[in-house]
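Student: Sequence:
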Amino acid sequence: MGIGLIILAIVLVFWFAMTFNRFVQLKNMIKQAWSDIDVQLKRRHDLIPKLVATVKGYANHEKRTLEQVVEARNACISIPDGKARQDAESALGKGLRQLFALAESYPDLKANQSFLMLQQQISEVEDHIQMARRFYNGAVKIYNVHLESFPSLIVGKLFHYLPAEFFELEAGEGQSPDISFQGDIQ
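Residue numbers (the working numbering): 30 to 215.
Keep in mind that the hints were calculated from the coordinates and are not lab data. Be aware that a few hints might be false.
Stated by the list, open to error - Only pairs whose alpha carbons sit at most 27 Å apart, straight line, appear in this in silico DSS-like list of lysine-lysine:
no.: 1; residue 1: Lys139; residue 2: Lys56
no.: 2; residue 1: Lys71; residue 2: Lys85
no.: 3; residue 1: Lys123; residue 2: Lys112
no.: 4; residue 1: Lys139; residue 2: Lys170
no.: 5; residue 1: Lys56; residue 2: Lys170
Remember, predicted model here, so these are calculated numbers, not experimental data.
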């Protein structure tokens with residue numbers, strides 16, 4: 030019976046170590062996935078001042094919309110992560126959609142090469158943000174399932190691991206902003 034207990038203890042220690050190491054791996058995967066999102070968000074933040082400057086020359090009387098986009102961008106930069114960052118990024122996305130809708134009123138702006146180039150770049154960044162969000166949410170799902178599954182939940186509770194939050198999108202925000210002007214530009 031003594032050898033059986035020793036073998037059981039060895040198996041339990043081995044299982045405990047493997048489970049703990051899996052939590053470490055999953056937490057690092059989530060950190061890396063958030064870093065991927067953050068890189069794309071920073072790219073978007075860097076493009077916004079150029080876009081606002083381009084639009085400003087055509088739409089001087091639309092100052093409030095431009096200010097809202099700049100304010101939303103600055104809020105996003107100042108918030109490191111978490112739910113508040115997600116809310117700020119959602120507000121920025123709404124502001125960008127308003128800005129592109131505003132551009133519909135200015136035919137010269139819609140034909141401006143700088144504006145068109147910035148539209149394309151922002152559209153690409155939005156696609157990359159979506160891909161990064163999917164990867165992040167996939168990593169969060171795997172981590173949370175591991176955290177809630179028996180018997181690994183024992184290790185999770187023992188070390189006070191908490192569920193990770195998904196990077197949620199608001200209703201209607203599941204796609205890149207519509208920034209193409211079909212029919213006007215070939």
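Student: None of the hints should be skipped; say for each whether it holds.
Tutor: Right, here's what the structure says about each hint:
1. Restraint check for lysine 139 and lysine 56: the C-alpha separation of about 45 Å exceeds 27 Å, so the hint is violated.
2. Between lysine 71 and lysine 85 the CA atoms are separated by roughly 22 Å; this keeps the pair inside 27 Å, and the hint holds.
3. Between lysine 123 and lysine 112, the direct Cα distance comes to roughly 17 Å. Compliance with the 27 Å bound is thereby established for this hinted pair.
4. Distance hint between lysine 139 and lysine 170 is unfulfilled; the C-alpha atoms sit about 41 Å from each other, more than 27 Å.
5. With a C-alpha separation of about 11 Å, the suggested pairing of lysine 56 with lysine 170 holds against the 27 Å cut-off.
In this structure, the hints that do not hold are numbers 1 and 4, in rising order.
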